[in-house]
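Student: All chains, full assembly: derive it from the sequences and hints.
Residue numbers (the working numbering), protein chains in the order written: chain A, 2 to 327; chain B, 52 to 311.
Source of the hints: derived by calculation from the structure; they are not laboratory data.
Possibly wrong hints are sitting among the right ones.
Unchecked claim - Straight-line C-alpha distance at most 35 Å; calculated DSBU-like pairs for lysine-lysine:
no., chain 1, residue 1, chain 2, residue 2
1, A, LYS323, B, LYS298
2, B, LYS206, A, LYS300
3, A, LYS300, B, LYS74
What the hints assert, rightly or not - To be clear about the criterion: a stretch of chain B counts as covered by chain A if any three or more of its residues have a C-beta under 8 Å from a C-beta of chain A, and this derived list gives those stretches:
no., segment
4, 131 to 139
5, 144 to 150
6, 162 to 174
7, 185 to 191
8, 208 to 215
9, 273 to 286
10, 294 to 303
Yeah, the Cβ is synthetic: ideal placement off N, Cα and C, and Gly gets one too.
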Amino acid sequence: MAEGILVFIEQRNGQIRKASLEALSEAYRQISTVGGNVTALIVGKDVKTLAGNLPKYHPHKVLVADSADFEKYSTEGYAAALVEGIKSVSPKYVFAANTNMAKDLIPRVAARHDAPCVSDVTEFEIDGNNLQPKRPQYSGKAYTVYEFNSDLAFMTLRPNVFAVQESSNNVNCPIEDLAVSVGEVRAKVTETHASEGNKIELSEASIVVAGGRGIKGPENWPVLQNLCDSLGAALGASRAVVDAGWIDHQHQVGQTGKTVSPQLYIACGISGAIQHLAGMNSSKVIVAINNNPDAEIFKHATYGIVGDCLEVVPKLTEEIKKLNAN
Amino acid sequence: MKIAVCVKAVPDTDAKIAIAGDKKNIDFAGVRIITSPYDEFAIEEALKLKEKHGGETTVFSVGGAEATDVLRDSLARGIDTAVHIQDEEFANLGPLGTAKVLAAAIKDGGFDAIFCGQQGVGGDNNQVPAMLAELLNLPQATIIVKLEIDGTKFKAEREIEGAHEFIEGSLPAVFSTQKGLNEPRYPSIKGVMAARRKEIAVKNAEALGIKGKFAAENRKIKVKEMMLPKERPVGRKLDGDVDAQVKQLLDLLRTEARVI
Ligand SMILES: Cc1cc2nc3c(=O)[nH]c(=O)nc-3n(C[C@H](O)[C@H](O)[C@H](O)COP(=O)(O)OP(=O)(O)OC[C@H]3O[C@@H](n4cnc5c(N)ncnc54)[C@H](O)[C@@H]3O)c2cc1C
Ligand SMILES: Nc1ncnc2c1ncn2[C@@H]1O[C@H](COP(=O)(O)O)[C@@H](O)[C@H]1O
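Tutor: Rendered as structure tokens:
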């Protein structure tokens, strides 16, 4: 019987994704149920030093697939590394953070193993030694719990939902090289360009400030951006303002945009359409600022301010700056 | 070029979702079915490629009766032929099962490019395109916002968190499409009329040579239960003038909600 959990750790430009550390921490919390060991797998070029940061998240072992082949991402190359990692530890479950890299990679590797895959897991139910993942569907309008009947199953975990658990003590675990023969690669990343916009990735931000048609025009984004800066928040938007060309699509929150689950979501001049709610309804605290007391968004908000967001937001920013100064 | 497009019939994005009596699925009664919004970009890209390079386009959908209108919608937009893959065995297939069925239908078609949406809205799996690429043993580029094809080579741009990746690869390949790739056209009246008269090929498990492979009891994954989300506790509107509300909000965020 297969046991243990293999966690795929995503890195880019010498940085490990926080969401991968969340997945690794969750594997550690679940391992006594599952049985066996937690193994972390990191893939890239010159990532050995980076791998040295992983033991404090309590894996039993870190596997490092370090090769010039992995300098740039390719589905087939990274799949070869993950397949090799699976071969080396025969896990019962493979975890990864639900990112665009995972969406490209994990289902492909699952299909190669003829194994099921569940994406965007937000919770686990437990049955004996088995994990039963729970995830939102219909953009959060329903939840589904699955049961596996498989020696191997793949799961991607929603960012910002599972806590990072790191040890402050020195933790040691073996860090081993994983040799991978990559084979033919028929499609490969040649370049990566950072997009303008959020310094903090929207889907991983712990605070999101989002603007809708109520901000009146694109000239008012600085008003929201100042609030973002004072809070360390990422800027989000409704589809209406994306479609109007006020801001790039990468900021869109909702059913056909990004799903976010921050600690705090501040909706400014957003009406609360069902497709928008779908993308942010699992936020811990929702603040709505809207000048229409009957706006739908107030039914979903933890705290609501009825007022002109162009008046409220600057005041809020001022007050937060005062707090930060103290 | 021979181009395949995979489309999924899904509940309208503004549908109110209820859970069926067996708690294994949603209740489809009264729910309007549409082409999954991301699949519209897949259809459009196929049509644009055909306009530029010539060739033929075929749309595939795995599903029950609800898939018929969605296939007609693709035809009305200008897709040449439609294949409806339907069998009782295929009911409630997960992403891997769906990908296997699609692979069986697509594999011998000699397609140069296969387009999927990046996500079937509702199921929200983001899995079928990469699984299909694996099962067909083809390269892939997923979540793409730009595509150029030159002979048997492609260049694509895909969205990742905080950046764009530029991919180069060879055809045939599987692509999954994201908003930004193109502006989907609406079906014209003429298109709608013509689509009504077109025949939709129906293929079952036997015709695809996969009969008996997808019986519910030998599936490696099952839905244990579906449920509605917990209701959010009722919130409160703050009162007083703007200054008072702002102060009160900050106080609540710090001491009650403890999020800042
Ligand atoms: C297939 C499909 C997919 C969709 N996907 C998404 C999605 O992913 N994300 C998304 O957001 N939407 C999506 N939508 C669109 C959605 O239905 C709404 O149209 C959209 O969310 C509305 O954006 P809004 O709230 O900015 O604008 P509006 O609905 O116009 O609301 C503006 C709000 O601002 C308030 N307001 C006006 N002036 C002020 C002021 N000075 N101060 C404060 N408040 C003010 C108004 O009272 C109003 O409530 C989708 C729609 C479809 C059909
Ligand atoms: N039943 C289906 N029939 C045809 N194509 C599908 C089906 N399910 C998923 N797809 C394709 O795969 C994409 C991603 O779906 P999913 O993996 O379910 O999120 C969709 O946008 C479709 O292009």
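Student: Does each hint fit the structure? Answer for all of them.
Tutor: Consistency of the hints with the structure:
| no. | hint | in the structure |
| --- | --- | --- |
| 1 | A/LYS323 x B/LYS298 | holds (12 Å) |
| 2 | B/LYS206 x A/LYS300 | violated (46 Å) |
| 3 | A/LYS300 x B/LYS74 | holds (27 Å) |
| 4 | 131 to 139 | violated (count 0) |
| 5 | 144 to 150 | holds (count 4) |
| 6 | 162 to 174 | holds (count 4) |
| 7 | 185 to 191 | holds (count 5) |
| 8 | 208 to 215 | holds (count 7) |
| 9 | 273 to 286 | holds (count 11) |
| 10 | 294 to 303 | holds (count 7) |
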